[in-house]
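Since each chain comes alone in its own frame, lean on the hints to assemble the complex.
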Amino acid sequence: MKGLRADGKAIRVMAVDDSPVIRKLIKKALEPEGVAMVGEAGNGRDAVELCFKLSPDIITMDITMPIMDGLEAALAIKQKNPGQKIIMLSAMSDQDIVADAKSRGINHFCSKPFKTEDIMAKILQVINE
Amino acid sequence: MASFVRAANNVFKQMLDLGINKGQAESEGDSFISQGFTVMIGLTGAWQGWFFLDMSQDTAVKLAGIMTGEEYETVESEEVLLAGAEMGNIICGNAITDINSIHSGLNIRLTPPSVFAGEGMSMFNVRLNACSVILQTDAGTIKLNVVMREAK
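Chains as they are written, first to last, in this note's numbering: chain A, 1 to 129; chain B, 1001 to 1152.
Extracted from the complex, chain B is given alone in its bound form (with noise of 0.2 Å):
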């Protein structure tokens, strides 16, 4: 998890300018409530799993509009859904980055991300217990939520 806490932290200073401030890690359990907005990204390789970045579609439009310089009404612009999917794809890139240099051999891979836009849907991963951490920043609330098993 400290990975994708670094990776997180580094998107948010680099790309943002924005701080964070990070509560505990926790175990989540096999399932979630999104807060409106979604990405999940694929890991494949040695250890598989799934990356959820996950956030309310306010903070969504406020990050979208940040990274671009441009001004989005709703989380339905494309350019919102684009961007969420692109700080997913680097926050977990560098994440995996990480991993991957530490733990030689591994060869994480990710899949391309997918973005789910909608209030209250139930992010559910079978027979897998997943990882939280949630993030506090000046554009909402952030939620990183990583389950990864050994492939067999």
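Only chain A is shown next, with the shape it has when bound in the complex (with noise of 0.2 Å):
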């Protein structure tokens, strides 16, 4: 299976998104390929409280969501965690919205609608950086 990192064990996933169906769409999609579903969050505020409980080595993060938007719980788990692994997924990926990331420290991007393939591909790319 894909989903693992190179000790053998599974890759630590949170997915942090307000809408509970793409929530259950990135589990759906990701589990069957070995990935460990550790958490998931539907605003930002909980996902920075949830990721420092957690650790887990990916986090697929929405960028509009109520009480904090994606790219400010970001900034936040990156200004304690700098190494914390974080992929922004959204609708959105213009310019504005991608240089608005990089300048928080986010390099890596998925759109949706996202297949099982892309966002394993982005997932592996970025675990072994």
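Because the hints were derived from the structure by calculation, they are not lab data.
All the pointers check out, no bait thrown in.
Mimicking BS3-like on lysine-lysine, the simulated pairs with C-alpha atoms at most 25 Å apart in a straight line are:
1. A:Lys-28 / B:Lys-1013
2. A:Lys-24 / B:Lys-1013
3. B:Lys-1062 / A:Lys-27
4. B:Lys-1013 / A:Lys-27
Everything numeric in this text was worked out from a predicted model, so none of it was measured.
What follows is the structure in structure tokens.
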């Protein structure tokens, strides 16, 4: 299965999106590949709190969310843990959004709609960096 | 309108594995009667307006089932409403990304989606005329309705 780290253990992923349907789709896409979905959050504030409890290998993060958006959450996480790997997952990916994300130290993006192979390939790319 | 049709085609193909047959774009006037299930998303920035994704309730239930792999009886299931909202959000988000990249400086952004489910609803835009396109899919007829004007 593709969803394993170099040490043979499952890649641990936390999914952050205000849509429970998208969180379900991410889980459906990744679990059959051997990825361990260790947690999920519906807004940026909960994502920041949960991230430090779970220490996932990778976080998939939506941008537009209530309470705290994904870019703010990613920045807050990166400030405490610069090594935390985050993939921004969004339906909007225009230049201004990408530039804003990069200015916060976020360099990985995946667009919605996503295919299983696309998000899995991005996870493998990020985990191997 | 072309950006919205391309986005819908992409979303239906990638997320739902459904092909679409596109009808002609036409001016809708300031209102239309919903087929029973309508997702509305506001547009803000240099251009403002709304995007509507409209379909029958039966089509919404079918599409939600294809999307999640679950079976639903009616649109009263929360996941059907959420799936519809997300479809509208992704179609609109992809279209606006395309428009923003073609027309630099517009910075159009989306509001969170609202979903309306009910028979015979009239969707009315005050003082604005819309453009719409009908898409035919194996799950039913989908209408994309867009109204935009330059922000003052």
